[in-house]
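Trainee: Whole structure, please, built from the sequences with the hints as guidance.
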Amino acid sequence: MCELRKRGLVTAVILSEPFLKLGKSQSRVFGVPDLPLLLIPHPLGGLDLEGVKGRAQHAIPQVVDIIKENTK
Amino acid sequence: MTGINALLRTPGASLEAEEDFDAVNELLRARGWSDGLPAIPPTAERVERMLAYCDRPWDEPVARMAPRYGEATPLRLAANAVMAGCRPEYFPLLMLAIEAMCEEPFNLYAIQATTHLCAPLVVVNGPVVKELDINSGHNAFGPGWQANATIGRAIRLALVNIGGAIPGSGDMSTFGAPSKFSYLAAENEEQSPWEPLHVERGLPREASAVTVVGAECPHNVNDHESITAEGILTTIAGTMLDTGSNDVFYEAQPMIIMGPEHAKTVAAGGFSKERAKRFLHEHAHLPLGRFSKENIDRRLRITWKEQFANAGPDAPVPMVRRAEDILIAVIGGAGKHSAVINTFGATKAVTRALKTRGGQYAKSVEDFRK
Chain A
86 MCELRKRGLV TAVILSEPFL KLGKSQSRVF GVPDLPLLLI PHPLGGLDLE GVKGRAQHAI
146 PQVVDIIKEN TK
Chain B
320 MTGINALLRT PGASLEAEED FDAVNELLRA RGWSDGLPAI PPTAERVERM LAYCDRPWDE
380 PVARMAPRYG EATPLRLAAN AVMAGCRPEY FPLLMLAIEA MCEEPFNLYA IQATTHLCAP
440 LVVVNGPVVK ELDINSGHNA FGPGWQANAT IGRAIRLALV NIGGAIPGSG DMSTFGAPSK
500 FSYLAAENEE QSPWEPLHVE RGLPREASAV TVVGAECPHN VNDHESITAE GILTTIAGTM
560 LDTGSNDVFY EAQPMIIMGP EHAKTVAAGG FSKERAKRFL HEHAHLPLGR FSKENIDRRL
620 RITWKEQFAN AGPDAPVPMV RRAEDILIAV IGGAGKHSAV INTFGATKAV TRALKTRGGQ
680 YAKSVEDFRK
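So the protein lines, in turn, are chains A and B.
Each residue of the first sequence is one higher than the one before, counting from 86 in the working numbering.
Each residue of the second sequence is one higher than the one before, counting from 320 in the working numbering.
The hints are simulated quantities; they were obtained by calculation from the structure and are not laboratory data.
In this text the structure is predicted, and so the values were computed from the model without any measurement.
Errors might be hidden in some of the hints.
Listed next, the in silico DSS-like pairs over lysine-lysine satisfying Cα-Cα at most 30 Å (straight line) [as the list claims (entries may be wrong)]:
{"id": "1", "chain 1": "B", "residue 1": "K612", "chain 2": "B", "residue 2": "K449"}
{"id": "2", "chain 1": "A", "residue 1": "K138", "chain 2": "A", "residue 2": "K106"}
{"id": "3", "chain 1": "B", "residue 1": "K449", "chain 2": "B", "residue 2": "K667"}
{"id": "4", "chain 1": "B", "residue 1": "K667", "chain 2": "B", "residue 2": "K624"}
{"id": "5", "chain 1": "B", "residue 1": "K674", "chain 2": "B", "residue 2": "K689"}
{"id": "6", "chain 1": "B", "residue 1": "K667", "chain 2": "B", "residue 2": "K583"}
{"id": "7", "chain 1": "A", "residue 1": "K138", "chain 2": "A", "residue 2": "K153"}
{"id": "8", "chain 1": "B", "residue 1": "K667", "chain 2": "A", "residue 2": "K138"}
{"id": "9", "chain 1": "A", "residue 1": "K109", "chain 2": "B", "residue 2": "K667"}
{"id": "10", "chain 1": "A", "residue 1": "K106", "chain 2": "B", "residue 2": "K667"}
{"id": "11", "chain 1": "A", "residue 1": "K138", "chain 2": "B", "residue 2": "K612"}
{"id": "12", "chain 1": "B", "residue 1": "K655", "chain 2": "B", "residue 2": "K583"}
Mentor: Printed below as a string of structure tokens:
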């Protein structure tokens with residue numbers, strides 16, 4: 086993900102809240118401390134299809150915003 | 320080679336602390352450089368003594384440790400070895416274990432950061448076992464032996480302090496495991512009826528070696544009644560049955576620890592290790608219907624599509640994909656027990672020999688002494 090970002094592609098990581106610290110530290114480790122981290126409610130595992138769609142609904146507006154910001 | 324005083328002048332390489340055991344331990348805990356237990360203060364003098372058994376430049380990384388990808392230099396590893404209570408002669412083995420678990424197939428990033436409870440297990444083989452008095456007998460995975468306890472602890476401290484396995488940020492294990500404090504044992508080669516693990520994995524018998532496995536804690540196999548190879552192996556295969564194991568969902572390499580008495584019974588029945596593995600592979604399977612409907616539909620039918628996409632409830636699900644993927648080591652003392660060690664699944668065991676900087680198999684840890 087960080088490599089894609091370094092190559093100039095619009096890139097973000099989608100994660101749930103307990104993994105935010107890991108996401109932040111990993112983006113620093115890989116040299117992209119400003120890598121966008123998009124938060125969705127925890128958990129993602131163990132959801133039924135409706136639950137997964139709900140998580141996608143959380144993520145989609147954030148993904149759209151990132152794309153808009155990076156393609157101005 | 321640069322001396323320790325020059326190295327410690329590098330910014331960030333050292334810090335001043337009050338010359339007091341409790342004060343140093345408060346400092347270590349406050350900085351998160353801790354496994355929660357008291358540590359030996361890693362003074363320059365102690366670290367230098369540890370490095371007496373290092374034949375490489377003290378500031379050149381031997382590996383980068385995920386998930387922080389911190390540089391594992393001998394200097395840093397020696398500080399962790401001191402904190403853990405290692406004797407200096409243990410240091411070559413600590414370096415070897417760290418190098419082995421940083422090889423790509425081991426997948427240290429995932430082992431460290433996963434929600435699963437795995438930890439790197441180190442199995443030691445070869446002459447170094449006697450030389451360093453590493454326990455391979457009674458309670459080999461438990462307390463009571465300095466080499467097992469402190470080399471294993473030094474590995475954990477390095478995983479935390481260099482690799483960044485901080486609970487909740489670099490180590491996301493849902494609840495961890497006691498094996499994350501220390502997890503190192505030697506194979507009981509003298510009591511084994513078979514070739515040692517490192518020989519089976521391609522090294523000469525006279526080499527010393529470590530095999531690292533991304534492992535769960537041992538799960539006991541009690542069989543006081545079976546007096547045949549088939550009997551013992553049937554009980555072990557039965558203990559391998561597990562609908563909640565990661566190993567079912569990956570091309571995994573679960574490890575079977577054979578107690579010496581069980582191993583002798585199995586070997587006396589004409590079983591080589593290879594034949595024992597074939598038996599376990601053939602007998603360790605559960606009918607598909609024993610898994611939850613969701614695990615069948617969402618994992619097994621997808622992960623192993625060719626086998627289970629349309630399979631019925633009686634279709635056998637193997638606990639291990641290939642017989643040759645089962646690892647067998649003989650460890651322990653007297654008693655009619657063996658153990659099954661499931662793994663993280665997405666990891667391969669790595670075996671690495673103890674070699675001097677010149678590439679020769681080390682005959683002794685003294686080969687590393689400057």
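Trainee: Determine for every hint whether it applies to the structure shown.
Mentor: The hints, checked one at a time:
About 51 Å separates the Cα atoms of B:K612 and B:K449, which puts this hinted pair outside 30 Å; it is violated. Of the supplied pair hints, the one linking A:K138 and A:K106 holds, its CA atoms being roughly 25 Å apart against a limit of 30 Å. Of the supplied pair hints, the one linking B:K449 and B:K667 holds, its CA atoms being roughly 27 Å apart against a limit of 30 Å. Using a Cα cut-off of 30 Å, the hinted pair B:K667 and B:K624 holds, with the two alpha carbons roughly 22 Å apart.
A C-alpha spacing of about 15 Å is found between B:K674 and B:K689, which places the hinted pair at or below 30 Å, so the restraint holds. Under the criterion of a C-alpha separation no larger than 30 Å, the hint pairing B:K667 with B:K583 is consistent with the structure, at around 28 Å. Distance check on the hinted pair: A:K138 and A:K153 sit about 22 Å apart at the alpha-carbon level, within 30 Å; holds. Of the pairs offered as hints, the one joining B:K667 and A:K138 is violated, with about 35 Å between alpha carbons and a cut-off of 30 Å exceeded.
As the CA atoms of A:K109 and B:K667 are separated by approximately 28 Å, the hinted pair is consistent with the 30 Å bound. Restraint check for A:K106 and B:K667: satisfied, since their Cα atoms lie roughly 28 Å apart, inside the 30 Å limit. Under the criterion of a C-alpha separation no larger than 30 Å, the hint pairing A:K138 with B:K612 is consistent with the structure, at around 21 Å. For the proposed pair B:K655 and B:K583, the alpha carbon gap of about 11 Å is at most 30 Å, so the pair holds.
In summary, the structure is inconsistent with hints 1 and 8 from the numbered list given earlier, while agreeing with the others.
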